[in-house]
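Taken in order, these protein sequences are the chains called A and B. The letter at position 346 of the first sequence is residue 329 when you use this note's numbering, and the numbering goes up by one with no holes. For any residue, its number in this note's numbering is found by taking its place in the second sequence, counting from 1, and adding 60.
Any given hint could be a false lead.
Only pairs whose alpha carbons sit at most 16 Å apart, straight line, appear in this in silico EDC-like list of lysine to aspartate or glutamate [said to hold, decoys possible]: (1) A:K307 <-> A:E23; (2) A:K373 <-> A:E126; (3) B:K269 <-> B:D232; (4) A:K352 <-> A:E53; (5) B:K134 <-> A:D278; (6) B:K134 <-> A:E23.
Derived, one-sided and incomplete: chain B residues facing chain A with beta-carbon distance under 8 Å [stated by the list, open to error]: (7) T142; (8) M147; (9) P193; (10) V242.
Since the hints were made in silico from the structure, they are not lab data. Just so you know, even glycine gets a beta-carbon here, dropped at the ideal spot from N, CA and C.
What follows is each chain in one-letter form.
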Amino acid sequence: MSEYRVNEHGYYGSFGGSFIPEMLYPNVEELRERYLAILESEDFQKQYHQLLRDYVGRPTPLYLAERLSERLGASIYLKREDLCHTGAHKVNNTVGQILLAKALGKQKIIAETGAGQHGVATATVCALMGLECIVYMGQVDMERQKPNVERMKLLGAEVRPAMSGSRTLKDATNEAMRHWINNPADTHYIIGSVVGPHPYPDMVARLQAIISKEMRAQLKEKTGTENPDYVVACVGGGSNAAGAFYHYLDEPSVKLIAVEAAGKGVDSGESAATTFLGKPGVLHGSKTLLMQTEDGQVTEPYSISAGLDYPGIGPLHAHLFDSKRAGFLAVTDAQAMDAGIRLSKLEGIIPAIESAHALAALEQMELKKSDVVIVNLSGRGDKDLETYIKWGGY
Amino acid sequence: MTQDSRLKLNRIDQFFQQRNEPVLNIYFTAGFPQPDSTRTILSGLQKAGADLIEIGIPFSDPVADGPTIQQSNKKALENGMTLRLLMEQLKGFREEVQVPVVLMGYLNPIVQYGIEQFCQDCEAVGIDGLILPDLPMYEYQIFYKEFFQKHGLHNIFLISPQTSEARIREIDANSQGFIYMVSSASVTGAKQGISQEQLGYFERIQQMKLKNPKLIGFGISDRESFQQASRYAEGAIIGSAFIKLLEKLEQPEQDIKNFVESIKQPATQSAK
Ligand SMILES: Cc1ncc(COP(=O)(O)O)c(C=O)c1O
């Protein structure tokens, strides 16, 4: 078995596990016992792939960005997750988990959201399946991502503001967990990234793995080889990166680059670069790298991008960092905004600010002419228009 | 010292062997309402007649807690409370307080403190047990049990209405001290009063005849709910209702005494 797959107790190396209050044990245990059988069943596979094709619009293209390649002096391919229905990779996960929730007989869905992309993707599949949907969102995020709040409402979801703590993604996750404790019987919690107690990190990674599965086939078709030199992806919780890395984890010739948000600079005190600033700790059900004080209080992260504004990373990524299987880079707000504007002008693609972090990392890498690089373009920039306008400089 | 503590009977066990009245366990958050409230509240509770005391270690993300205890955690952290400071404050408290005292907290501050150091310091100041809601049984057995036992600390597990019978048996077999029976599917403080459905659950557990004593907590707030719960278990735990008292504390000793009496005083003397 690969050392990068979760073990039977939910660990990736020394990270992961299932640190949940007893009140959540029956739900999480039910998931743990059943998720693999459900995900691997013929029924699930058929419905999942049909929805990915006809509803989400997969496969998403692998696009050779020629003008960007010319600038960087290497072959840069973009995996176009921005073309997914709802505008980001998040929907790959929610399509899978809604089918799982139905298989488990759950009638109600809850989710947390930061940028609102996961909330929109959850509200979307709930509308599709006719299930009740409540999304928790930090009150601060509700203000900076207003259009997504309205999209969720238009899709029939109830959006509940998380008023505790810093009122951002971490607190929305706390509120969703509290809601699940209060409503264990009929509710499934669709976590939006590769975080949370086992089996969530593995389950979400499997549902996002379609990204690298397609990459391999598409790259082979275009270049004759399945394996690029680099795969680059941004990391908030780490779901788009987990999906982009998944089928390359055991292929050591492929270098994996995870890009974190440095905010105003890694050492500015306003950053979300977990591997640079964090230590092992326990939050939201798993042991992972976590930004925290010496006393073990979780610290407030900062990034211009709401989707990367989280004080931890998934346990798989903590393990990839620890084992040095992936390289981790940090990109500031300014570098990301520059890269986002550059892609807009060079290729006619306005990226999500999260994805712009992955693009900005290319500038830090020493690339050779012969290098083949795939950047996972996790989402489109429509939701970020207001932030681009405020930033200006284009 | 460690050698002694293994031979010595834990205060919690000693207490349950002797008790004959319903047990009142009271929770408060360390560092709330004032940074240095800990000792005042501890001795106030002992004098007022609380049987067991649970001190909460404040945490930034208390997922199993409702708004009242969340707020007390937040205020305590703003007050500058830390686990290290709590250990300092607890030095010497056994000169004033004889009832069993347990620490309740989320795992992360303890992980940062260092588990072995933490257990050692708990023993040194005179703590009897730990309630760590996000430490599940599997992790406890593999990584923590050794240290808890070495330092004479009981690990207190939770059960809830959703916990299966088989798992309750397993928890009972692995528990020491008492079992914390969460009264309903909820976070702390969420509900007032006790429903028929809850009574059914209390009865079901009562009939399981567990080897450990049980204390019922979450949503127990007054004399009536305390007495009702005590018919099905050895006693009950009050948290949020006591935190609400602390929010508007005027004369600590007298206010705490009145609170404890309002719950423990026999039915014949009450207005009812
Ligand atoms: C477009 C986009 N990319 C990336 C992320 C970060 O999440 P993850 O690290 O789980 O992919 C988000 C989160 O909202 C997002 O919307």
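How the hints compare with the structure:
1. A:K307 <-> A:E23: It is violated: about 30 Å lies between the C-alpha atoms, which goes past 16 Å.
2. A:K373 <-> A:E126: It holds: about 15 Å lies between the C-alpha atoms, which stays within 16 Å.
3. B:K269 <-> B:D232: Since the Cα atoms of K269 of chain B and D232 of chain B sit roughly 10 Å apart, the hinted pair holds (cutoff 16 Å).
4. A:K352 <-> A:E53: holds, 9 Å
5. B:K134 <-> A:D278: Given pair K134 of chain B, D278 of chain A holds - Cα atoms ~14 Å apart, limit 16 Å.
6. B:K134 <-> A:E23: violated, 44 Å
7. T142: Hint on T142 of chain B: holds, closest Cβ of chain A at ~4 Å, below 8 Å.
8. M147: violated, 12 Å
9. P193: Interface hint status for P193 of chain B: holds (4 Å vs cutoff 8 Å).
10. V242: holds, 6 Å
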